[in-house]
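Trainee: For the protein sequence lines, the chains are A and B, in the order given.
Residues 1 to 334 (my numbering) make up the first sequence, in order.
Residues 1 to 334 (my numbering) make up the second sequence, in order.
Don't read these hints as lab results, they were simulated from the structure.
Among the hints, erroneous ones may be present.
Remember, identical chains collapse to one label, so a pair may be satisfied in a single copy or spanning two.
Unchecked claim - SDA-like mimics (lysine to any residue), calculated; alpha carbons at most 25 Å apart, straight line: (1) Lys-295 to Asn-332; (2) Lys-129 to Glu-218; (3) Lys-217 to Phe-98; (4) Lys-126 to Pro-158; (5) Lys-217 to Pro-25; (6) Lys-300 to Glu-240; (7) Lys-129 to Ile-213; (8) Lys-312 to Pro-206; (9) Lys-129 to Thr-7.
Number of protein chains: 2
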Amino acid sequence: MEKGNQTIIFEKSPVIIGTYSIVGPMEGKGPFGTLFDHVIEKPEWDEPSFEKAECKMHRHAIIHAIEKAGLDESDIDSIISGDLLNQMITSSYSVREFDCTYLGLYSACSTIAEAMTIGSLLISGKHFKNIACVTSSHFCSAERQYRYPLELGTPRTPLSQWTVTGAGCMILSDKGIGPKITMATLGKVIDYKISDVNNMGAAMAPAAAHTIITHFKETKRMPVYYDAIVTGDLGKYGSELLLKLLKDAGLDVASRHFDCGAKIFGDDEKKYQGGSGAGCCNVMFCSYFYNKLKKREINKILFIPTGALMSKISSLQGESIPAIAQAVAIENME
Amino acid sequence: MEKGNQTIIFEKSPVIIGTYSIVGPMEGKGPFGTLFDHVIEKPEWDEPSFEKAECKMHRHAIIHAIEKAGLDESDIDSIISGDLLNQMITSSYSVREFDCTYLGLYSACSTIAEAMTIGSLLISGKHFKNIACVTSSHFCSAERQYRYPLELGTPRTPLSQWTVTGAGCMILSDKGIGPKITMATLGKVIDYKISDVNNMGAAMAPAAAHTIITHFKETKRMPVYYDAIVTGDLGKYGSELLLKLLKDAGLDVASRHFDCGAKIFGDDEKKYQGGSGAGCCNVMFCSYFYNKLKKREINKILFIPTGALMSKISSLQGESIPAIAQAVAIENME
Numbered sequence: 001m002e003k004g005n006q007t008i009i010f011e012k013s014p015v016i017i018g019t020y021s022i023v024g025p026m027e028g029k030g031p032f033g034t035l036f037d038h039v040i041e042k043p044e045w046d047e048p049s050f051e052k053a054e055c056k057m058h059r060h061a062i063i064h065a066i067e068k069a070g071l072d073e074s075d076i077d078s079i080i081s082g083d084l085l086n087q088m089i090t091s092s093y094s095v096r097e098f099d100c101t102y103l104g105l106y107s108a109c110s111t112i113a114e115a116m117t118i119g120s121l122l123i124s125g126k127h128f129k130n131i132a133c134v135t136s137s138h139f140c141s142a143e144r145q146y147r148y149p150l151e152l153g154t155p156r157t158p159l160s161q162w163t164v165t166g167a168g169c170m171i172l173s174d175k176g177i178g179p180k181i182t183m184a185t186l187g188k189v190i191d192y193k194i195s196d197v198n199n200m201g202a203a204m205a206p207a208a209a210h211t212i213i214t215h216f217k218e219t220k221r222m223p224v225y226y227d228a229i230v231t232g233d234l235g236k237y238g239s240e241l242l243l244k245l246l247k248d249a250g251l252d253v254a255s256r257h258f259d260c261g262a263k264i265f266g267d268d269e270k271k272y273q274g275g276s277g278a279g280c281c282n283v284m285f286c287s288y289f290y291n292k293l294k295k296r297e298i299n300k301i302l303f304i305p306t307g308a309l310m311s312k313i314s315s316l317q318g319e320s321i322p323a324i325a326q327a328v329a330i331e332n333m334e
Numbered sequence: 001m002e003k004g005n006q007t008i009i010f011e012k013s014p015v016i017i018g019t020y021s022i023v024g025p026m027e028g029k030g031p032f033g034t035l036f037d038h039v040i041e042k043p044e045w046d047e048p049s050f051e052k053a054e055c056k057m058h059r060h061a062i063i064h065a066i067e068k069a070g071l072d073e074s075d076i077d078s079i080i081s082g083d084l085l086n087q088m089i090t091s092s093y094s095v096r097e098f099d100c101t102y103l104g105l106y107s108a109c110s111t112i113a114e115a116m117t118i119g120s121l122l123i124s125g126k127h128f129k130n131i132a133c134v135t136s137s138h139f140c141s142a143e144r145q146y147r148y149p150l151e152l153g154t155p156r157t158p159l160s161q162w163t164v165t166g167a168g169c170m171i172l173s174d175k176g177i178g179p180k181i182t183m184a185t186l187g188k189v190i191d192y193k194i195s196d197v198n199n200m201g202a203a204m205a206p207a208a209a210h211t212i213i214t215h216f217k218e219t220k221r222m223p224v225y226y227d228a229i230v231t232g233d234l235g236k237y238g239s240e241l242l243l244k245l246l247k248d249a250g251l252d253v254a255s256r257h258f259d260c261g262a263k264i265f266g267d268d269e270k271k272y273q274g275g276s277g278a279g280c281c282n283v284m285f286c287s288y289f290y291n292k293l294k295k296r297e298i299n300k301i302l303f304i305p306t307g308a309l310m311s312k313i314s315s316l317q318g319e320s321i322p323a324i325a326q327a328v329a330i331e332n333m334e
């Protein structure tokens, strides 16, 4: 590719041969509740801590995605994984249970797109045959780490989002039947100097716009090429901003745009802007969108998970929020 | 490759065309002090916080590695980066200053090997031309985050290691002169149920042994093939354990083994087992080993950074320490 290009075209496009999604009770009560493979009844899921419950969900998603793909654990070459907890303990403590190589990634809530990209590189390059891409988040462990322990009952602001409790896992393979990952447009770190950690949608919208504009410019595709343009978790306000930024750049995607964060909880006002977290857009892809692709109700998706790259320390030190968005094209080939 | 293989052979091996290392004052006083490109005089480096000082080092390493490689920032397609701070703020806040795509990785102190592997995949697959791989750590920010704030003056245990203050950056390219990355052996997450967070060498040695044994088995190479077998930061005691584990498996590497952590501070008793941290083996590679490769004093290195994948939370919850080691072969080709 020429320098300046952020888009990778996979010569040998990997097939997504199976997916699995597991979510918490609140997600189960939302409009997509019946589509998830498993809904846990309580956030603790019989574990002594929320971190251990998150780990159990992560592991559960991997085991059952492999099973749903018709494979055995011994068929998996590598697990590519990430999560939001400090030092990514959900990923590393889950993966130690599997006899596979491991690549740990962190780009906050956009991690699943990075995992799909690197998994596709490994399969397209004929290095590996089957790869599990997995991410998760948990409302209770995320609140404790990023904000306040739940026990304090701290009020939320109108622009805040609600971290999704959920884990999604997809199996990429060098053969089989299913939609394929054909391209990835890597993102740049964009900082619009938003410093309100309760308004991540505003921090992430410019990064999403940048990656989407770049994708269409470099691939010479038009928005109508895709049946759905699916962003990660900009939330309701962040989605409005994205559409405005894209319109200013001459791209009208309103009719085919879907933001996983804005939709996952439906119109539940107590969830404010909607969902977020590394599990949010992943569980939506692994259920609702994967089902639609398999049934050929839609055939081409541009999937753009978004991530806010701050930490509690950086916010306390007065820093703004850098953000990133990685885009992946998933297509049913004829 | 056949299933069961953890080793990737890069068809088009990327060239390491330039490196840059920057370290803190203690590292500068060590036996390799004169080999580093830059030694900062004070850990704060004129910044208002240790985190911001680490970020400045990280950024400085990227800027100067690009310069030393004879390139311009606009030549760099992607920055692949990781660090030890929560939510990897060193990486994301550094990278926002550059107009390049970004891939964030986390595998603790073994992150640089993961970065070299993914960078090599991107170049070998002809997707990108020039990539910066960078990692860092800072003693003062790491102590505050993983253990206790320095102000408390907490005593250290005999098996503890000293997080290296330093950042290293290497530029991988599809052309140019220099040693090449020919192979990578991905690691598995190995947990020997060590739960003493002050004894990371013991937790990481089995992971290093596993990856090294796998590398020799899969490549059918013998230890004599390499001029140096360089582990990350097992420290003095961890290195002894590694040599014992390898000897039990029939591999004698004692004469060519070098552990960056055990050596970086020389025999300074106050550093106990030696150095650690995502910057440790990276600054050693970017200075001492890269110089030796360039001068052809050595021609073949197996580089095996090691990582301990725990967090403060997992330790407090009584968990043991899972570990990983990724191996990368770097060779001067005739």
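Trainee: Confirm or reject each hint.
Mentor: Here's how the hints hold up against the structure:
In this assembly of identical chains, Lys-295 and Asn-332 lie within 25 Å of each other by CA distance solely inside one copy; the values are 10 Å within and 52 Å between copies. When the C-alpha separation of Lys-129 and Glu-218 is checked against a cutoff of 25 Å, the pair qualifies only between copies, where the shortest distance is 17 Å, while the shortest distance within a copy is 29 Å. Proximity of Lys-217 to Phe-98 under the C-alpha cut-off of 25 Å is restricted to the inter-copy arrangement: shortest distance 21 Å between copies versus 41 Å within a copy. For the identical chains of this complex, Lys-126 and Pro-158 are neighbours neither inside a copy (48 Å) nor across copies (46 Å), given an alpha-carbon limit of 25 Å.
For the homomeric pair Lys-217 and Pro-25, neither the shortest alpha-carbon distance inside one copy (41 Å) nor that between copies (47 Å) is at most 25 Å. For the homomeric pair Lys-300 and Glu-240, the shortest alpha-carbon distance inside one copy (23 Å) is at most 25 Å, but the shortest distance between copies (55 Å) is not. When the C-alpha separation of Lys-129 and Ile-213 is checked against a cutoff of 25 Å, the pair qualifies only between copies, where the shortest distance is 22 Å, while the shortest distance within a copy is 32 Å. Within a single copy, Lys-312 and Pro-206 get their C-alpha atoms as close as 22 Å, which meets the 25 Å cut-off; across copies the closest is 34 Å, which misses it.
In this assembly of identical chains, the alpha carbons of Lys-129 and Thr-7 lie at most 25 Å apart whether taken from the same copy (23 Å) or from different copies (13 Å).
Hint compliance for this structure: hints 4 and 5 are not met, and every other hint is.
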